[in-house]
Amino acid sequence: MNNYVLFAIAIPALGSLISALFSKKEIIRDFIFVATSIVTFLVVCKVGLLFSGIHNFTLIQIYQDLAINFQVEYIGLLFAFVASFLWIPTTLYAIGYMKNHNEKNITRFFVFFGMTISATLGAAFSGNLVTLFMFYEFITFLTYPLVTHQRNTIAIKSGRFYIGILTFTSVTFFLGAILLVYLNSGNTDFTIGGSISGNSTKLFINLLTLLFLFGIAKAGVMPFHKWLPRAMVAPTPVSALLHAVAVVKTGVFAVVKIFIYTIGVNNLSSAIFYFSTPLGQINIIEIIAVITIITASAVALKQNNIKARLAYSTVSQLSYIILVASLFSQLSMVAAGMHIFAHAFSKIILFFAAGAIMVANHESQINRLDGMAIKMPLTFFGVVIGVFSIIGLPPTIGFVSKWYILLASLEQGNYFAMIVLVLSSLLNAMYLIPLFSGAIFQSNKVEPELLKGYKEAPWTITLPIVFVAILCVAGFFYGQYIFHFLNSIKVPKV
Amino acid sequence: MFLIPTIISLFACLLMIIVKGRETFYSRISLIASAIIFLFAFSIMPEQSYNFLGIKNEISLIDKGFSVVFALALMIGTLFAYQDKNKYEKMLALLYGSSAISMVISKDWTIILAYWEIMAIIAMLLIFNKGFTREGQIYINFHILSGALFMIGVVGQIYKNVSYTVYHVGLTDFTEYCLLLGILINLGMFPFSFWLTEGYSITSKNTSVFLSVFTTKTAIYMLLNTFTSLHLLIIIGAIMVVHSSIKAVLSFDIKKILAYALINQLGIMIIAIGIGGNEIQDVILLQVFAHVIYKSGLFMIAGILYKSTNNFDIRSFGRGMIINFDLIINIIIISAASFGFLFTLPSLGKTLITETIELYNNHLLTYLVMASSVAIGLHTGIRLPYYIVFSHNKRANVNEIKTDIFSMIALTSLSLILIVFGFDTSLITVLLSLNVQELNISQIEHIVIVLALGIFIFYIYKKYFSLKHEKSYVTKSFAVRLYGNIVMRINLLFERLNAYYVGLSKYLYGIVLLSSLLQLKLAKIMKADVAINSLLYFSLLITIICLTILEKLY
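Chains as they are written, first to last, in our numbering: chain X, 29 to 522; chain U, 187 to 740.
Since the hints were made in silico from the structure, they are not lab data. Even for Gly, the Cβ is constructed at its ideal location relative to N, Cα and C. Mixed in with the good hints, there may be bad ones.
Said to hold, decoys possible - Taking lysine-lysine pairs in the BS3-like style, the calculated list, with each CA pair at most 30 Å apart, reads:
1. X:K473 - U:K316
2. X:K473 - U:K493
3. U:K442 - X:K480
4. X:K483 - U:K273
5. X:K473 - U:K391
6. X:K330 - X:K254
Unchecked claim - According to the in silico footprint, chain U covers these stretches of chain X (three or more CB under 8 Å from chain U):
7. 310-317
8. 432-444
9. 448-461
10. 464-470
Could you build all of it, start to finish, from the sequences and the hints given here?
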């Protein structure tokens, strides 16, 4: 099992480096790249098959207390599964996109892409805070060349902002929090029930939680969310996989994992500051998440660029996960895992579709999509499924995860979270439905010449869209299996 | 079992997508599919049980009755749309109706929730079918809000009872309030009613017929199954009745009038559900049946008129138009039936529901319902045929109202149902498995009161608003002339009322305030529930104040 974990982490980086050798021969390079993604997924599946309970192992012992540790556990495995699985359609999509969009330096792009996936899988399987931090920083630095891929002024400025805010928060808050944990407990390992010592003060736990929450800026909690909309200058495959699935999900995954395995759900629920209201106990993390959800949704309403709107939507959806994780119970952690899964599958479709529209019809503004669906039926099929999934309508996976979030908040008697979810569903409908409504239903108001100019994206782009969309619908019927898998985490009862 | 209607319609849709044929081919398929669905609904044996995922579900009489009503409406609506070329609309309508039927015969919270949301999506697609509009966006926004609230309620019920079966719900905790609010938003509750009026007023000829039937009636079904005899509903219903009566009387847009009349009827049904009682389910089923039939007829008429005139303003219709004689007959029958004309189907339902409300012994409520019946009599029973058939309108510039044979068949069958079922109540027993004979219907009393009120109002108007300059219209028959005369005078009154509305609303406060004081005194004498009475008055008062403010802002 140890070897398979290491293979899973190494294969994407190695495969993409090997493919760089064939940068002149495009067919071989693309083939290696697709093959790498499939092999990676198979290896992750093998880890999953061998998995029978939380498993730890040490790769390198640096000092007595400092080691590169790996750990295979439920949420990490699910996250690795999602990231490596969605990498396969993204690879196909990226090949189609980069060629048809006349991007340059495709080989460099693919190499950094594969290495980022390696780092993401490393973060997913990391066994202590130091390893997690290391891979977290790897992701930041490896995505920088991807964000600034176009090498123009905007891209470089955005890239500078991106790397600035991510490293600033991680070095000041995240690293500080790790040091605090180390000073408190003498190690940084992930152990179920929390690794910090039992007699820590309430203030310490609160401070630690906030440091982690703001330090992991990849989770997109306000006020450190701005990097995500700025990173949308990157080519669409990057936005799709990295800024909707891998990078941001590393952030929330890290937060959830730290809640469960470092601070401990028990400690959190007894120590966190909260206000008692008729609508349930509202704690500080919940307030931060709610502010992010509502504000980001409101900002998303104003955006006219598809990718910008989707970016703010992502910020808002990530805070769903933080919100439900902040309820601190068995069910809430499971629901957080479910939403990581559901949001990854639905948001990637929308980014794929945004790229497809860009490639086929060179359009990125929402108010100019009118009538496009007549010529792009497959793409807009995906958009409809993705939008329904994010709003949480049946028959999509989003409905299932929304169900469990509601169930978790009900179990804790937290009606405030439920109200926020209702409001947020409404806001989601308001800003996401225009993505397809004009395109599908407004064709009679567009000039026929303009309509004739539209065309569907090539098959390498539409195939991933339809594939993931079908899976998104299938998730509605088989979502309970993911629930049962995650439900084996067994967070200690309060 | 509950999946059968959905599967039939999905199969029909698949056929319509795959097989390429002429337009009539698609119409035939949709008609056949809807007929099969009707036969299925008709053949359900009540109290028949079936297993789904290990849970035993039982279909009650009411479930069967609702499914038959929906299937009938779906079939007639499909017949009405036969000549229309829009294949997409036919498919959506079929799916919409069949999911309503599926929802009604499944007694499982999760399935009901899924169908609840799916129906919202299909309705959105139906409205967007005519083009992306603000109204469609409003419609889906409100339905997503309602769906999310409903979902909270469902989660709460399942969490609390560890059971998926739907049964009566109290109003004890947060999730149950959410459930109630979710259902009431779908019913067009007072501050949230504009999704209904705005949404329905812009849709195409056939779509509004389908929309008027399914969404709100499934919500009534849910309310009936979950919140019977909840006194809060009386207040909510009363507010809806007052608001929609005033708005309907003052509106000139035919679809808005119909939409407000729809809300009005829903309000009365909500009041009756709030009162509850032993026979409430049968009463509501009968009322829903009557209402579905005549309301879809009225929406069909509105659609036919709109198609030829491109206009919703009833003032622009009139005798300048050439209307088929069969259409005139249908308009008169359906609009007469709509305010419960004697020996028509709605008169049964209305009498029963009024009796239910009278039994509650709250005088204001009784007057309110009576007044709203009079208002319905005025705005759909009298105004509509007046403006369409009798009014002497020189501005009417469209000459011919075109109809096709299929829509006329649909309309005529609705009129026939309204008359035949009103005369022979045993037919209702056959169709809905509902024993009407046991329900003690004393139609005459109600009708006499409404007629007396109508004559009184007419007398006052004749005396104070007599009009000399509009005498010139020529119709041969004396009876028609008399009818036209009555109708015209009443309408002129309302045109004036419209102009003086802002002034009038001040007096409305006074009237309501006075009546509420009077009523409080009466209530003390009658030993009625004072708390509910006073709440009712204050809420009515606030409604009227809000209305005036809104009207002024507008």
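Results for each hint:
Straight-line distance between C-alpha atoms of K473 (chain X) and K316 (chain U) comes to about 11 Å, which keeps the hinted pair within the 30 Å bound. Simply put, K473 (chain X) and K493 (chain U) have alpha-carbon atoms about 20 Å apart, close enough for the 30 Å limit, and the pair holds. About 38 Å separates the Cα atoms of K442 (chain U) and K480 (chain X), which puts this hinted pair outside 30 Å; it is violated. At most 30 Å may separate the alpha-carbon atoms for a hinted pair to count; K483 (chain X) and K273 (chain U) meet this at roughly 24 Å.
About 20 Å separates the Cα atoms of K473 (chain X) and K391 (chain U), which keeps this hinted pair within 30 Å; it holds. Straight-line distance between C-alpha atoms of K330 (chain X) and K254 (chain X) comes to about 15 Å, which keeps the hinted pair within the 30 Å bound. Taking a C-beta to C-beta cut-off of 8 Å, the region 310-317 of chain X contributes 0 residues in contact with chain U, too few for the three needed, and the coverage statement is violated. Counting residues of the region 432-444 of chain X whose C-beta lies closer than 8 Å to any C-beta of chain U gives 5; at least three are required, and the coverage claim holds.
Against chain U, the region 448-461 of chain X contributes 8 residues with a C-beta closer than 8 Å to a partner C-beta. That satisfies the three-residue criterion, and the hint holds. Coverage of the region 464-470 of chain X by chain U holds in this model, with 5 residues showing a Cβ closer than 8 Å to a Cβ of that chain against a need of three.
Violated hints, listed in ascending order, are 3, 7; each of the other numbered hints is respected by the structure.
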